[in-house]
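Kindly produce the complete structure, drawing on both the sequences and the hints.
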Amino acid sequence: MMDLSFRLIRFWLILLAMTGCSPNLQEPITRFELQAPKPYGYVIGDEIRHRIVVETRHQLDIIQDSIPATGDQNRWLNLKTAKLTTQATDDGKRYLLELTYQIFYSPLEVKMLKTPAFTLYFQQNGNKIEQAVPEWYFTLSPLHELAIRKEEGKIYLRPDAQPDLIDTSSYKNGVAITLVTFAASGFYLAYCFGLFPWAKQRKHFKTACKNMSGLTRQQLDQALTAIHQAINDTYSKPLFKHGLADFYAKQPEFKQLAGQIDWFFAFSDRYFFSDRKYCTEEEFFQLKALCIDCRKIERGGV
Amino acid sequence: MRRSFFTKTMTVEHQLADWRNQALTLENQVNQTVIGLNPLVRHLITAVFTRGHILLEGNVGVGKTTLLRALARGLGGQYQRIEGTIDLMPSDLIYYTYLDRNAKPCVDPGPLLTHGDQLSTFFFNEINRARPQVHSLLLRVMAERSVSAFNTEFQLPYVQVFADRNRVEREETFELPAAARDRFLMEIKIDPPNDDVLLDQLMFDPRYHDVDKLIENVEPGLIAHYQLNDIAQLIQQAVIASPALRKYALALWKATSNPQQFGINLADVDMPQLLHAGVSPRGMSYLIRAAKVRAWLQNRTALFPEDLQAVFPVIMMHRLFLNPSYAYRKDEILPQLVSGILNQIAAP
Numbered sequence: 001m002m003d004l005s006f007r008l009i010r011f012w013l014i015l016l017a018m019t020g021c022s023p024n025l026q027e028p029i030t031r032f033e034l035q036a037p038k039p040y041g042y043v044i045g046d047e048i049r050h051r052i053v054v055e056t057r058h059q060l061d062i063i064q065d066s067i068p069a070t071g072d073q074n075r076w077l078n079l080k081t082a083k084l085t086t087q088a089t090d091d092g093k094r095y096l097l098e099l100t101y102q103i104f105y106s107p108l109e110v111k112m113l114k115t116p117a118f119t120l121y122f123q124q125n126g127n128k129i130e131q132a133v134p135e136w137y138f139t140l141s142p143l144h145e146l147a148i149r150k151e152e153g154k155i156y157l158r159p160d161a162q163p164d165l166i167d168t169s170s171y172k173n174g175v176a177i178t179l180v181t182f183a184a185s186g187f188y189l190a191y192c193f194g195l196f197p198w199a200k201q202r203k204h205f206k207t208a209c210k211n212m213s214g215l216t217r218q219q220l221d222q223a224l225t226a227i228h229q230a231i232n233d234t235y236s237k238p239l240f241k242h243g244l245a246d247f248y249a250k251q252p253e254f255k256q257l258a259g260q261i262d263w264f265f266a267f268s269d270r271y272f273f274s275d276r277k278y279c280t281e282e283e284f285f286q287l288k289a290l291c292i293d294c295r296k297i298e299r300g301g302v
Numbered sequence: 001m002r003r004s005f006f007t008k009t010m011t012v013e014h015q016l017a018d019w020r021n022q023a024l025t026l027e028n029q030v031n032q033t034v035i036g037l038n039p040l041v042r043h044l045i046t047a048v049f050t051r052g053h054i055l056l057e058g059n060v061g062v063g064k065t066t067l068l069r070a071l072a073r074g075l076g077g078q079y080q081r082i083e084g085t086i087d088l089m090p091s092d093l094i095y096y097t098y099l100d101r102n103a104k105p106c107v108d109p110g111p112l113l114t115h116g117d118q119l120s121t122f123f124f125n126e127i128n129r130a131r132p133q134v135h136s137l138l139l140r141v142m143a144e145r146s147v148s149a150f151n152t153e154f155q156l157p158y159v160q161v162f163a164d165r166n167r168v169e170r171e172e173t174f175e176l177p178a179a180a181r182d183r184f185l186m187e188i189k190i191d192p193p194n195d196d197v198l199l200d201q202l203m204f205d206p207r208y209h210d211v212d213k214l215i216e217n218v219e220p221g222l223i224a225h226y227q228l229n230d231i232a233q234l235i236q237q238a239v240i241a242s243p244a245l246r247k248y249a250l251a252l253w254k255a256t257s258n259p260q261q262f263g264i265n266l267a268d269v270d271m272p273q274l275l276h277a278g279v280s281p282r283g284m285s286y287l288i289r290a291a292k293v294r295a296w297l298q299n300r301t302a303l304f305p306e307d308l309q310a311v312f313p314v315i316m317m318h319r320l321f322l323n324p325s326y327a328y329r330k331d332e333i334l335p336q337l338v339s340g341i342l343n344q345i346a347a348p
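Taken in sequence, the protein lines are chains A and B.
Going by full-length UniProt numbering, the first sequence runs without a break in its numbering and finishes at 302.
Going by full-length UniProt numbering, the second sequence runs without a break in its numbering and finishes at 348.
If you are wondering where the hints come from, they were derived from the structure by calculation, not from laboratory data.
Short, incomplete list of chain B residues facing chain A, as computed with Cβ under 10 Å:
(1) Ala241
(2) Pro305
(3) Gln344
(4) Ile345
(5) Pro348
By construction, the Cβ of each residue, glycine as well, lies at the ideal position given by its N, Cα and C atoms.
So this is what it looks like as structure tokens:
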């Protein structure tokens with residue numbers, strides 16, 4: 001008796017052990033789900049987005065050609081996008097296929113339509129596995145009103161309501177301020193560089209320096225005349241020594257050169273109206289330096 | 001020979017320096033006597049050493065007579081004054097007749113001849129009230145510094161005429177003709193000072209209430225009037241004008257005839273139709289002579305543009321004759337024109 005019991009227990013233990021050692025026989029496709037939006041309330045031009053989720057075991061790969069090609073599916077349905085993403089899961093793979101359809105059908109009354117069915121194919125070691133994606137039914141509404149109002153036998157039509165515009169005033173102001181800033185900077189630079197034909201006063205000393213560049217101290221009268229001309233043009237009338245105070249009042253930026261300018265007028269008076277008809281190399285250098293300094297002020301650089 | 005020239009040059013320089021010191025001393029003393037008229041006094045000193053006559057224009061009581069008496073006191077020589085009236089005749093300037101205590105008719109020299117050749121300052125008050133015949137006699141005295149009377153030629157070598165024209169009253173007056181005005185070196189308008197401090201002094205300082213005592217501040221005979229003609233000539237020879245200055249003066253002269261050619265434009269004025277006559281050669285000669293005196297007073301022997309500019313308005317203003325259509329606006333136009341000329345012509 002004891003022997004028989006022992007044998008039964010041993011049999012059941014062996015049977016249990018065999019059961020635990022046997023391989024897991026997993027289905028190739030463990031999950032299929034078609035996620036679709038509401039099946040009603042569509043009109044011509046609307047888009048319908050489908051999400052198809054397929055979870056498979058590891059070795060199963062989707063055959064790309066089984067994914068519907070974008071483009072016209074029939075005379076009124078267009079597949080705009082078909083995007084496949086693959087994710088690894090604990091048990092295998094998850095395929096997420098996102099399809100976007102657009103409807104080009106204008107029914108005269110509410111009508112039921114369907115997206116076409118298709119089949120997704122998977123393969124593993126040369127074996128194909130199919131997963132059918134069923135048709136999806138939805139209703140399409142006409143664009144005109146339900147209670148058709150007719151005037152003189154025509155369908156009452158009206159334009160769409162104007163959409164609310166996005167407030168772009170802040171962007172416009174920003175653009176305007178930027179443009180004004182750029183324009184003002186450009187004008188100021190052009191003014192400083194004397195590019196405006198009506199602002200010739202900004203080029204007086206530039207011209208004088210240019211005229212003086214080739215002169216030697218034997219051509220002192222030309223050098224003095226060039227500087228006088230530039231000063232007169234800056235002052236808008238002939239400037240004499242006794243008018244320097246008024247000149248500094250009207251052109252205060254030149255006051256910093258008062259010492260040099262006073263020296264220039266005294267030197268010029270002696271040369272033109274007295275009996276001193278020469279100048280030293282140092283004095284001629286001073287004249288050129290004065291012209292260059294005045295030019296810097298003219299350009300607003302000092 | 002060289003030493004002689006050097007000595008002579010030094011002598012002239014010293015002479016000019018001494019005279020300049022005397023002139024500036026006189027100017028200073030007159031300025032302390034008649035306050036607030038410094039630019040006018042500088043013009044008068046300039047005129048004295050230019051040997052030119054002055055036409056003053058101003059309201060009554062602004063100090064014209066005091067000024068001239070102070071100046072005459074400093075100049076030395078004799079001072080004579082006459083009032084212009086509508087019944088004044090040329091003979092009234094030369095002689096006057098009266099009966100002496102024995103009822104014997106007598107003829108005595110008039111204002112022009114009383115002091116003979118020692119007359120240095122002759123003040124003709126309200127000249128525009130006198131008749132043109134009187135103007136005519138005065139013009140000869142001014143131009144030739146001589147006068148004929150009693151079949152005799154009387155020389156007035158040091159005389160300097162200061163005439164006054166009242167600008168307030170125009171009735172029963174005889175406007176000076178252009179030729180008469182051209183004989184005056186300068187025409188100066190006198191306005192009372194506008195400085196409140198000076199006006200306060202004139203009102204409340206007793207020093208300015210007694211004119212006779214006031215002018216005693218001026219040293220009598222500070223300037224030897226009988227040497228003025230010589231020193232004036234010396235100044236003209238000593239102060240030189242460079243070619244650049246001559247060019248500038250010529251441009252000024254031309255601008256007084258054709259201002260539009262020098263870019264001078266005045267508002268509401270058709271410039272080519274503006275002037276009836278520009279400045280005469282005598283006017284330009286006066287300008288240069290007065291400018292040289294001004295340079296000498298500035299202690300220079302070279303004529304600068306600023307010298308011409310300083311005396312240009314007082315010498316030129318009464319020598320620019322406007323066309324009749326603009327004559328009624330002369331008080332507005334002439335200062336603008338003179339200012340426009342000075343502001344438009346550069347040197348060099």
